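**Q** These protein sequences, in sequence, are chains A and B.
All the letters of the first sequence, read from the start, carry residue numbers 0 to 245 under numbering that gives the first Met the number 0.
All the letters of the second sequence, read from the start, carry residue numbers 0 to 373 under numbering that gives the first Met the number 0.
Don't read these hints as lab results, they were simulated from the structure.
Heads up, a few of these hints could be off.
As the list claims (entries may be wrong) - From the derived model, a few chain A residues whose C-beta atoms are all more than 12 Å from chain B:
(1) S222
(2) G227
(3) D230
Unchecked claim - DEER-style ranges, computed between Cβ atoms:
(4) B:V129 with A:S110: 42 to 50 Å
(5) A:S25 with B:V129: 57 to 65 Å
(6) A:E119 with B:I15: 27 to 35 Å
(7) A:R237 with B:T339: 56 to 64 Å
(8) B:Q173 with A:S110: 38 to 46 Å
(9) B:Y221 with A:K106: 39 to 47 Å
(10) B:L141 with A:N40: 42 to 50 Å
(11) B:L68 with A:V61: 37 to 45 Å
(12) A:T14 with B:A137: 40 to 48 Å
(13) A:T14 with B:E325: 58 to 66 Å
(14) B:S10 with A:K88: 35 to 43 Å
(15) A:D68 with B:L141: 29 to 37 Å
(16) A:T14 with B:L311: 50 to 58 Å
(17) A:S110 with B:A166: 30 to 38 Å
It should be emphasised that the depicted structure is a prediction, and the values quoted were computed from it without experimental measurement.
Heads up, the beta-carbon is just placed ideally off N, CA and C, and yes, glycines get one too.
Below, each chain spelled out in residue letters.
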Amino acid sequence: MSTEPLLELSHVSVTFDGFRAINDLSLSLAPGEMRAIIGPNGAGKTTMMDIITGKTRPDTGVVRFREHDLTKLDEPAIARMGIGRKFQKPTVFEELTVRDNLLLSLKGLRSPFSLLFAKETAEETARIDGLLRTIRLGRDASRQAGGLSHGQKQWLEIGMLLGQEPDLLLVDEPVAGMTDAETMETADLLREINQTRSVVVVEHDMEFVRALDVKVTVLHEGSVLAEGELDQVSNDPRVIEVYLGR
Amino acid sequence: MNASLSFRGASVTAVIVVLLTGIMAIASLLPASSPVQVSPFIMTLAGKYLAYAMLALAVDLVWGFAGILTLGHAAFFALGGYAMGMYLVREIGARGVYGNADLPDFMVFLSWKSLPWYWWGSDHFPMALVLMLVVPAALAGLFGWLAFRSRVSGVYLSIITQALTYALMLAFFQNGFGFGGNNGLTDFKDILGFDLHSPYTRAGMLFVSGLILAGALLAARYVVGGRFGSLLIAVRDAESRTRFLGYRPEQVKLLVWVFSAVIAAIGGALYVIQVGIINPGEFAPANSIEAVIWVAVGGRGTLSGAVVGAILVNLGKTLFTAWLPEMWLYGLGALFMATTLFLPQGLMGLMHHMPKKRPSEVTPEVTNPEGGEA
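Sequences and hints are given; from them, build the entire structure.
**A** This is how it looks when you write it as structure tokens:
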């Protein structure tokens, strides 16, 4: 690859109470790429997301996003830089309406003081309407987010991610608890998003990963075990051993 | 906008407060023989309740909307009260017991020769207003900046708010601190040249208090009703999530915390003018806890509930302590337990259960809520 990577982790390690959650992990993502991360429980997938988004600070190693060193920044700074994160458990603001959830997510005003006097602009209304169509929640726009179904909350959270207009989306187990139909729709949605943005997806669901049809990285005990096409990776004897146990 | 976030009730309460205080002010000026005359005793009580309602509103802003259970808000109330008390003490001038035009009585008694520097300008009313706003805001700003930046929250934060007000109480009890020690500041004569004991001043002050409380209600409604309010709710319910959206929750909390401290301080100033005394007892931790109970009884997170709760509980306290003084604390405790068990949303929650016109639950049209014929 000739282009500079969008995101690059090099030799990152982090230890929690003596347990090495991430062990000399190196990973590189090209601009516009979508990558699926798989691995057994405890492989360090979520910790890796925590490190990229500033929630956890690595003991050693460098995390680069374009020219920025993310290990020196906190969560809001990293989010404003253009990295959005979707959590495993959908976390939307349950007491607010779907619309207000999306309004809060829109790229732009972030200082509390400016929000005190801010009025929703026509442009923002149009952005929200567009997002509502994308995530198919137009009819539920004025409902409280707490009343949505599990799948709808997942979609609302994806909508909030899109509202941030990030260059890189980190998506943690987006189809957990979804029906087969919803799973396939979500794969379509992520592929659509990937046309304009880079995406990292952590997922257990192999059908879903297959549907995404992208390069796969297998994590095991905090470092990269294998990387490549899904078929190639899933025939790798080391991967089989890790997944099926020894 | 979400029905639960529009707080139309706050404007209704504001109007009722202004009307009631206006009527009471007029009725207090009727001759004593009139059956509807409001006595000076009732006027003082009403003024005290309104001041407490300001404190309750301040507590509701941070507890109801930012999830910060403050157990030390009376500190800001008392600081505002002392700022006003300093001016009122200086207004006494040479009419004090010692007839000293420059020094308040307690300083003469302590044989101080001159005013401490921090009393500078305290004989001017505008200075009292500045102190009333700036000192509590600065303290709240510093406290909040340290606490929220270190991500102190929950019960730990509650405990340090208690420590804050307790430390201030101990400091103000010291004679050497320069605020009258445990006697505090009292014996006020007039404000801006108006005799504090004249029925006209009392009537005017009650109406002004009503106006200020109404204004505070509307300001609070503006703050929690708009986009900042949504962010506040978001921070209250899922603080870490807001960070990943690029917000800094500590700034959000700091802003509402300082705003709330200022409202409490204005309440304290109104209290001192109408009740006529401020002493370190106002800093007592129990006072702050009582304020939380008023809000719980009225309905947390409703604004109007804080005002209603403060007035009703204090009315109850006045009646109860006259009737069975030693039983009041048990009564208050029972009230708090009953509220928690049976009325988790307080008295305002009762109103929501009353049948109303059905809310328009699903609004299918997404575009153009104004509904103009495009």
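**Q** Hint by hint, say whether it matches the structure.
**A** A quick look at each hint next to the structure:
{"no.": "1", "hint": "S222", "verdict": "holds (25 Å)"}
{"no.": "2", "hint": "G227", "verdict": "holds (30 Å)"}
{"no.": "3", "hint": "D230", "verdict": "holds (34 Å)"}
{"no.": "4", "hint": "B:V129 with A:S110: 42 to 50 Å", "verdict": "violated (26 Å)"}
{"no.": "5", "hint": "A:S25 with B:V129: 57 to 65 Å", "verdict": "holds (59 Å)"}
{"no.": "6", "hint": "A:E119 with B:I15: 27 to 35 Å", "verdict": "holds (31 Å)"}
{"no.": "7", "hint": "A:R237 with B:T339: 56 to 64 Å", "verdict": "holds (57 Å)"}
{"no.": "8", "hint": "B:Q173 with A:S110: 38 to 46 Å", "verdict": "holds (41 Å)"}
{"no.": "9", "hint": "B:Y221 with A:K106: 39 to 47 Å", "verdict": "violated (25 Å)"}
{"no.": "10", "hint": "B:L141 with A:N40: 42 to 50 Å", "verdict": "holds (45 Å)"}
{"no.": "11", "hint": "B:L68 with A:V61: 37 to 45 Å", "verdict": "holds (41 Å)"}
{"no.": "12", "hint": "A:T14 with B:A137: 40 to 48 Å", "verdict": "holds (42 Å)"}
{"no.": "13", "hint": "A:T14 with B:E325: 58 to 66 Å", "verdict": "holds (60 Å)"}
{"no.": "14", "hint": "B:S10 with A:K88: 35 to 43 Å", "verdict": "holds (38 Å)"}
{"no.": "15", "hint": "A:D68 with B:L141: 29 to 37 Å", "verdict": "holds (32 Å)"}
{"no.": "16", "hint": "A:T14 with B:L311: 50 to 58 Å", "verdict": "holds (56 Å)"}
{"no.": "17", "hint": "A:S110 with B:A166: 30 to 38 Å", "verdict": "holds (32 Å)"}
Hint compliance for this structure: hints 4 and 9 are not met, and every other hint is.
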